[in-house]
Each structure stands twice: as structure tokens, then as C-alpha cells.
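Participant: Below, each chain spelled out in residue letters.
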Amino acid sequence: MKKTVFLGALTVAGLAAGLVSAGTLDDVKARGKLNCGVTTGVPGFAEPDANGVWQGFDVAVCRAVAAAVLGDNMAVEFVPTTGKTRFTALASGEIDLLARNTTWTMSRDVDLKFEFVGVNYYDGQGFMVPASLGVSSAAELDGATVCIQTGTTTELNLADFFRANGISYEPVPIETGSEAAQLFLAGSCDVYTTDRSALAAQRANFPNPDDYVVLPDVVSKEPLGPLVRHGDNDWGDIARWTLNALITAEELGVTSDNIAEMSAGTNNPEINRLLGSEGTLGEMLGLDAEWAKRAIMSGGNYGEVFESNIGAATNIGLARGLNAQWKDGGLIYSPPFR
Amino acid sequence: MSSTTQTGASKFSLSMLINDTRYRSTTFQVIALIGLIFAIGYLVSNLLSNLADAGLNISWRFFGETAGYDINQMPIEYNNQMSHGRASLVGAVNTLIVAFLACVSATILGVIAGVLRLSNNWVVSKLMAIYVEAFRNVPVLVWILIIFLVMSNILPQPREFRGDAAASSMWFDMVAFTNRGVYIPRLILEDLGWVVYAAFGLSIIGVFVFRRYARNLLFNTGRLIPTFLPSIAILILPTVLVYFALGSPIGLENPALKGFNFKGGLHLRLSLIALWFALAIYTGAFIAENVRAGIQAISHGQTEAAAALGMRPGRIMSLIILPQALRVIVPPLISQYLNITKNSSLAIAVGYMDITGTLGGITLNQTGRAIECILVLMLFYLVISLSISAIMNVYNNAMKLKER
Numbered sequence: 001m002k003k004t005v006f007l008g009a010l011t012v013a014g015l016a017a018g019l020v021s022a023g024t025l026d027d028v029k030a031r032g033k034l035n036c037g038v039t040t041g042v043p044g045f046a047e048p049d050a051n052g053v054w055q056g057f058d059v060a061v062c063r064a065v066a067a068a069v070l071g072d073n074m075a076v077e078f079v080p081t082t083g084k085t086r087f088t089a090l091a092s093g094e095i096d097l098l099a100r101n102t103t104w105t106m107s108r109d110v111d112l113k114f115e116f117v118g119v120n121y122y123d124g125q126g127f128m129v130p131a132s133l134g135v136s137s138a139a140e141l142d143g144a145t146v147c148i149q150t151g152t153t154t155e156l157n158l159a160d161f162f163r164a165n166g167i168s169y170e171p172v173p174i175e176t177g178s179e180a181a182q183l184f185l186a187g188s189c190d191v192y193t194t195d196r197s198a199l200a201a202q203r204a205n206f207p208n209p210d211d212y213v214v215l216p217d218v219v220s221k222e223p224l225g226p227l228v229r230h231g232d233n234d235w236g237d238i239a240r241w242t243l244n245a246l247i248t249a250e251e252l253g254v255t256s257d258n259i260a261e262m263s264a265g266t267n268n269p270e271i272n273r274l275l276g277s278e279g280t281l282g283e284m285l286g287l288d289a290e291w292a293k294r295a296i297m298s299g300g301n302y303g304e305v306f307e308s309n310i311g312a313a314t315n316i317g318l319a320r321g322l323n324a325q326w327k328d329g330g331l332i333y334s335p336p337f338r
Numbered sequence: 339m340s341s342t343t344q345t346g347a348s349k350f351s352l353s354m355l356i357n358d359t360r361y362r363s364t365t366f367q368v369i370a371l372i373g374l375i376f377a378i379g380y381l382v383s384n385l386l387s388n389l390a391d392a393g394l395n396i397s398w399r400f401f402g403e404t405a406g407y408d409i410n411q412m413p414i415e416y417n418n419q420m421s422h423g424r425a426s427l428v429g430a431v432n433t434l435i436v437a438f439l440a441c442v443s444a445t446i447l448g449v450i451a452g453v454l455r456l457s458n459n460w461v462v463s464k465l466m467a468i469y470v471e472a473f474r475n476v477p478v479l480v481w482i483l484i485i486f487l488v489m490s491n492i493l494p495q496p497r498e499f500r501g502d503a504a505a506s507s508m509w510f511d512m513v514a515f516t517n518r519g520v521y522i523p524r525l526i527l528e529d530l531g532w533v534v535y536a537a538f539g540l541s542i543i544g545v546f547v548f549r550r551y552a553r554n555l556l557f558n559t560g561r562l563i564p565t566f567l568p569s570i571a572i573l574i575l576p577t578v579l580v581y582f583a584l585g586s587p588i589g590l591e592n593p594a595l596k597g598f599n600f601k602g603g604l605h606l607r608l609s610l611i612a613l614w615f616a617l618a619i620y621t622g623a624f625i626a627e628n629v630r631a632g633i634q635a636i637s638h639g640q641t642e643a644a645a646a647l648g649m650r651p652g653r654i655m656s657l658i659i660l661p662q663a664l665r666v667i668v669p670p671l672i673s674q675y676l677n678i679t680k681n682s683s684l685a686i687a688v689g690y691m692d693i694t695g696t697l698g699g700i701t702l703n704q705t706g707r708a709i710e711c712i713l714v715l716m717l718f719y720l721v722i723s724l725s726i727s728a729i730m731n732v733y734n735n736a737m738k739l740k741e742r
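For the record, the sequence lines run as chains B and U.
For reference, each letter of the first sequence is one residue, going 1 to 338 in this note's numbering.
For reference, each letter of the second sequence is one residue, going 339 to 742 in this note's numbering.
Be aware that a few hints might be false.
[What the hints assert, rightly or not] The following label-pair restraints were derived from C-beta to C-beta distances:
# : chain 1 : residue 1 : chain 2 : residue 2 : range
1 : U       : Ser506    : B       : Gly143    : 16 to 26 Å
2 : B       : Thr176    : U       : Val442    : 25 to 35 Å
3 : U       : Arg362    : B       : Asn233    : 24 to 34 Å
4 : B       : Thr176    : U       : Ala377    : 37 to 47 Å
5 : U       : Ala594    : B       : Thr176    : 28 to 38 Å
6 : U       : Ser727    : B       : Gly143    : 37 to 47 Å
Just so you know, the hints here were simulated from the structure itself, not pulled from any lab data.
Backbone N, C-alpha and C fix where the C-beta goes; we use that ideal spot for every residue, glycine too.
Next comes chain U alone, as it looks inside the complex:
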């Protein structure tokens, strides 16, 4: 009896696709897939035919045509005789700049606020609670506009710096806060200036090597050597020595008032500052909550055990709690980084020329190629977001619990 059933089962018949539990789920998945393909095909053909009927043909030629407009913040070479593609690229770099600045500062702000919110000091923890609740419960666009408008209305105009009895003056003759942005000195590289940079780069590597050596020494011999001051010395001393040995090959260019505006130095525009600060403090509030959740996820017994071993509170936090908390913190941190990158498209509100402002703004308007511009814009944000995800996932894999 049993043998006949087995031979029957090995024979395949069409009805088994539905009746046999071994095939049923596959059958339904295939049906669902075909349905999905039809649905997408319907939407795409619908779009294309409607576009054709409306006389809107898809064309990418405008990317090579002269842009004709100027961009204020140009991290890469650009002038108004270059192409729309180049203008989009300038915008893309501007997006990356503000996203990077905001990610770094939001992380620093978030970690500090998250740790301090758990402080035993009542005033500090309540202050941090107020920060978190105030900033994450107001839309980020409102923060961007508040910072922008407050700065443009309160800070002095460049012309107020003029004359002997000027209403405003620069800090140390180096930094000027105006309602058009902040002007700071810029490093000017002379002949052998790169050597100083190289020395600094090597020093950074040296710090890592030293800390690794110190840790191995601790693990192997149990001898604890100081790391903090030597690290700073390694970081700074060689660079300073090289700098003076080569006869100060890096100069400072200070901003100076010329005509309508300050010239020289580095100009941090109001739009960049407003966008950067708003994104940093807004997302920092969310990261603070992630950090707090991560720390609270670590059993209190760990803290007590470490204290019983005689560790100081700072070391308990940095050596015991945070490394374990990172496993909880990093995954939501990835989505906060993605949020910063995507929210940076709100730049348009304050005229920061990110890719939404160039490709999705002026280029779109001048060429009227809305569909093409928006498609490229979507693709850009998708690629950037997926790259951030990929990098952070590598970090997360390195951090997560390794079962042995």
C-alpha cells in the first residue's frame, strides 16, 4: 500500500500544482509574479502612451546643453557656460557636503544628548529631555526656516563692518559673522604644503597603531599604559615640527571687506549653515533617543559587575556599555542617516543649491524636461541611500554579536 502511494507521488500531474502542498506555494508565487509583471507593464505602457499623446517625448539631450545659470556654492569648477549635466553634478556634490556635515554633527550631538539624558544629574537629564522633545516634534522644514530667518535678520550686514567706527567687527580679524553667512580663514597651500598634510595623515595612522599596541600590551601582559595624552602628542607634534621645519608652507587667507561683500577666506553661506544646523539638531534628537534605547537595553548587572571589578564610570561607559549598546544603536542609526540625506532636499526652501535646486529646480524649469529630471533625481537619491545603507551594514556586521 505504502509503496503504491510513493510511486503515485513521484508521478507529476497538473492538478498537483494546486492540491499538493509541496507545489502549492510555488504555484501561487508564480501566479503573483505574473500578475505583478502585467501590472507594471500596464502602468509603464499607460505612461508612455499618455506621454506620447500629450506630445511629451522623452529626451536626454538637455544634459549636454549649456546651463546658462550661476550657482553660488561651487565645490567643483563650474561657470554658466557649462552644461546642465555639470550643474547637476555641482548640485550632487553640494547635497553630499551638507549630508556629510549633518550626519557627523547629528551623530556627535545625538550620542552626547543620549548619554546625558541618562545622567544622574536631574538638571542635565531634564535639559536633554527638553532638547529631544522640542526638536523632534517640530518639522525640520520649520527649523530650517527659523534658523535662516533669525540669522538673516539678526546678524549684521557686511556694510556694517565698514569704516573706523564700524557697528560690527570681525573676531580676531579672522572670522566675520554676517547675515549672508560666516566668513572664515582659508588654508593656502604653498610649495611644500602637501608634506605637512602627509605628515598629518601619517600621524593619524600612527595614533591607531599606538592604540593597538597599547591594547595588545594590556591583553598580553596586563600592563596599562596611558593612551590619551600620547595619542594627542602623536597627532600634533610631528605635524607642527614638519610645519616649522619647512618654513610655514601653509598660509592663512583671511576674509576682508571689499566692495559689497567680504572677499577671500571661506564663505559658509547662510543657506548651508541653516540647513546643516537644522538637520543636525533635528536628527540629533532622534539619534539621542536611539542611543538612550541602546544603553538601556544593556542589563544593569553589566554596569554593576564592571564597578565591582573597580572600573571607573567613564571606562564602564566606553569599554562595557557602549560597545554592546552599538548593536542596538546602529541599525536605527542607518535610517537616520538616510533621513538626513533625503531631508537635505528641503534645501530649496532657503536657496541652497543642492541637486534638487539645480537639476530638480532650475534645470527642470529652463528645459521643461520634468519627467527626465525627476527620474534622474530619484535615481540619485536611491543610489546615495543604498550606498549609505551598504556602508553602514558593513559596520553593523562588524559590530554585531559574534557567536562562537
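If we strip away everything but chain B, and leave its shape as in the complex, we get:
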């Protein structure tokens, strides 16, 4: 037994030497690729297009970070994760960044030892029912069969909502969103519940979207955002400020169209600091001066990313709502670049 302990100690010493490795930033640079965890496919948020290129609102965050760090927004290795595998993938270092409509909760932040770098979509859990059911509020759903995607905060919110209203339901837990949608279409469940953005996205793909309605009830707060592991704050800062750069760009009116001319220098000092023609903000992050410029050019500012992937003009058709800039009455707000 003593020998075992001794050998174990030797092993620990050996491994410790290997583990004191470079930070995530250096790893990513050495690899030349950013490993980014995304969903297995939610239209508008993360889904490969006809050419197999990942597109979407969450994907844009990965691409912006890759552009800021590596100078190439295509240098991303997308790792599809399920609600179940995502945290293990991040904790084990398989991915550097998780951008997979993940709800920021206290226990995930504190107990699971992750760091949410911000919120890129303020969502809430909602319900979708067939229009023929004639239901106008979730409180009328007593006794209904509800399809839920398992492994999410959704099932806890659902249990809380029905308990608070003193009504019963029959949960049908399903592994992926597409399977749940299939069961819902077949009528195996009366109600399909998940985040309202995902409901809208899936409804857009149904054969007859008008036969289904998303109920007005919002039963939870679901701030969705990208997250990184605890333990590498420098890397967390890069992800956080890349997201903030996209948001600030929209606030300051920097778009992918005018960014080339603005980066030459403007008379707004904050734009100059953001785009690197003034100050040393990039250097502080361990990047070059044009990091934010590249991140914004990757897919446009926050508003552009929103409109091109999930906005009113797309078939997902989400309104900005809570996700408008703070100046327009929304919650999207970035700390200043100073």
C-alpha cells in the first residue's frame, strides 16, 4: 500500500508538470483553431447550411472570437453538443468556448465552475400548442401532455410553473429538439415547451407553421450566453469583450459597411478605442490593436448578427424585444470601452 501511495505521488508529480501548461489563448493560437461548442442544430442559432458551413446567432459569437484571436473567422472547429454533453465537453477542455443557448444560472456559474461571459440573448420559456386546441393561456393546460427537451433548465421551470398554478401535467422527456418536435407534430403531446426563441425557430420549420401558436406566457428568465471554464480569466476576458465589442459597435453605429472608413479614425474617441486607432485596449487582452475590428467584420455588429440570423426578415422572425439596445428600451448593454 505504501508503495502504491509512493507510485501515485510520483505520478501526480509527473502529471502536475504536464498540467502547468500555457493558457487557453496560447493553446488556441498554437492549434490555429478555436474549438467551439454549439447545439446539434437549432435553426437560426446554430445549424450547418447546405454547404456544411455552420451558420447562426450562436455560431457568430464563435466566429467573432476566432476572428479576434486568430484573424480568421473560419478557423473554428464546431463541436456539436447535446444538453447533456455540453458541460462535460467544456470542463474537460474539449472545447474552449461554449456558445449553445445555455441559461446563465447561479449553480452552473458557481457549482459547475464555469464563467458566463455575458448574455447574447434574453429568452424565456414558453409553450407552443396546436391552434385547433383553442387554448389562450398556459394556465388552461391542466392535465395536458407536455413534451420537454431533457437535460435543460426547462423541466425544472415546467415543474415549478405547474406546481405554482396547482395544475397537473404529464411530462414526456425527449432527448433532442427535433425528436420532440416530431412527437408534437404527431399529436403525442398537446404542448411543446422550451425557450421561446427555439419554439419560434422550430415552428418556422413546421409544414404548416400557422396551425401552431406560441402562448403569450413566459414562465422563466432564460439569459442565454457564451461561457468558458473557471481558471483562465484572461481567456474569459477575451470572450467577454469580444461579445461586448459587437454590442458596443451597434450602439455606436459601427456596421460592417462603414467599419473600414471608421477604423481610419473618427472624432468619437470610444469608436477609436474600440477599433484600435487609439489606446492600447487590444494589448491589454494580449491581442493586437485590430482585434475588435476583425470581430465586428466577421459577421457585423450585434444588431446585424441578430437581423441576419433570427431577425424579423428571416423565417425565424423574432422581434428584438428584450434584446434591443438599452437606448431602445431593451436589456442589451455593454460596459464602456475605456
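Chain B is fixed; fit chain U onto it per the hints.
Facilitator: For chain U alone, kept in the frame of chain B given last:
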């Protein structure tokens, strides 16, 4: 000369550990054992140190914390305010339910298919061959999904039962087949209902006693009395008499359409049915082959000898062939039962809340305690598998050839 060698041999020296054949094998086994201990110690310490470095500390406290999620099939009392431990227990019971149902039906299906595959009737034997080959050569997960999707898409929705000119109707107003599962009547126990159950239990014991009596009578006096009809009479008559004598103390609760779903009765969920049927028909195909192998292992001379004594084919099968074939059938049958139990973890594909769905699914996700959950999950399946093995081995020992 010989005496000196003997005294030399009785003296022990270290080199004898390698050179002497009497000790050599022990020496190597001890070395191998020490090597194994080191290897395991290395792996465990490696795991623990890496976990500590990754900031993942092992903690079991989550088992006592509130689960917060609901489970649809609750064989034991549960609500979302109970602990993760309780939720795991519900899942464990659900695993046992589906494993038991599937084991029983797979055995029945397998024995019938195995015997019929040896039938002299060409059509029957070929049909059974098709069954075996079709079902054991397609992965069981695919069968689970096929049954689930076919049932959810073909069977009517509960709301189609509504109204006077409903598109669907219940069978005898008692059974409803919907795409959310099958609703069947449930027994409702009234005051003295337990007496009826007790009478039924005693009747079952009575049947065994009667059959033993009949067999002893046959062995001792050579007199063959009919057993089949009397057994059925013993099984049913007392229970029916008690039932009416006590004024029908057991009622039926029929399912009825209320709101979105049927209420009342027993709800066999689609996920349970899909999992149960898929496991039963898939494993039944393997058991059929075991049964066929067992029967074919019995020399044909036994059949001919029994026929020469004037026995009928049914009796030859049940009295001569099957008892001997069981010795060949039971050992592989044990591993089929273990397969059913382990394959029941595929429940997650159709949302059946077995222990993989509760402890290894939602609890794991909500608490993020992956290592702890998976360890307990492994331990559970290990204990269940070893228990099944132990029980079946007892049966196998009772069945196997006793040499006198």
C-alpha cells in the same frame, strides 16, 4: 544419494522461487498480483489528482437535495419536491419493471418460436426462421424507435375519441389505444378485497400441491389422473366463489376521456410499450435459437424411445425433451436476461424514465455531478446483473444433470 537430495529439497532457498517448479507458478502469480495492484493504484491516483486539478471534487450531497423535476411513470410515491435519491429510486423501479416484463415475454416468445422452428410444418418453421433472422439482425435501438414512431404516428390522438361521432372509440368502453399509450381498466380494492387476493394466492399453492399429489400417485400406483382441467378449476373456482360471497369487493376503474387526456384506469405509456415490446421480440429471437439448440442437443433416440413407449408428441416434448434441453438452454438464457436488463438503458431514446433517464439523465444534468452519477449507475446495473445471475444459477443447479 536419494536421501541427500531429499534433505536438500526440504531446505528452502530463495533461488528455488524461480528454479523449483513447485514454487515457480506461485511466484509469478504473486508478481502479477503486485503489478496489478500498482496498475490500479496508478489509475486511481491519476484520476483523483486530475479531478482535483480540474476543480472537480467528489460529493454525494446532491442525493439529498430537492430534485425539482417530474417523472411521468411513478410506481412509487414521488413528487418534484422529493430528493434526487428518491427520483433515482423511482427510476430504478421503472428499470426493474420493464426488465421483468421484457424477460417474461421474451422467454415465452422465445420458447414458442424455438419449438415451432423445429416443427415439421414447412410454413410454420420458415415463418419462425424469418422472425428470428429479421429481429436479431437489426439493432434493438432501431426496433425501439420503429415501434415508438409507428405507434405515435398511426394510433389516434385522445381528442379523436371525443364527441358523438368520434373518429375513434374505446374497446368495450374499457380499453383505449391512443398515440400516448394504452389505457386499460384498473382494479380497485374495496374493504375485503384482500381476501380475494389471498384466496387466489392459496389457489396457486393448491395447484402445485395437486400436481405433486398427481405425480406421486403416478409414480407410486401407476394411475394417471387428468391434471389440466382440475388445475384450472382449482385456480379459478375458489377465487370466483370468494369474490361473489363477499359481494364483489374488487371493482374496475375504467379510463374515461377528461380534458386533454384519458383519466382513471392504468396508463401503459407509449415509451414503456415500445421498450418492452422491442426488448421482448429482439431478445426472444435469441432465446428461440437457444431453445432450438437445446432441443437439438437431445439425441433423436430419446424421442423415438418415448414414442415406442406410446407417448404422444406433446408429452414427449414436455416430459422427455424439454427437461433435458433445459440443461443446455438455461446458461445462455442467463446472459440473455442480463442483456435485457442492460439494454433497458436504451429507454432514454423514447423518454422512458428508467434509472438512466433519472439518475444518469436529468439528475446528472441538473447537478452536473457526472462522475458520481455514473458510478452509482454502474453499481446499480452491476448489482442487478449479479442478482439475476445468482438467482438463475440456483435454478441452473437445480436443473443440471445430477450424477448419482
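Participant: Checked against the structure, which of the hints given earlier come out wrong?
Facilitator: 3
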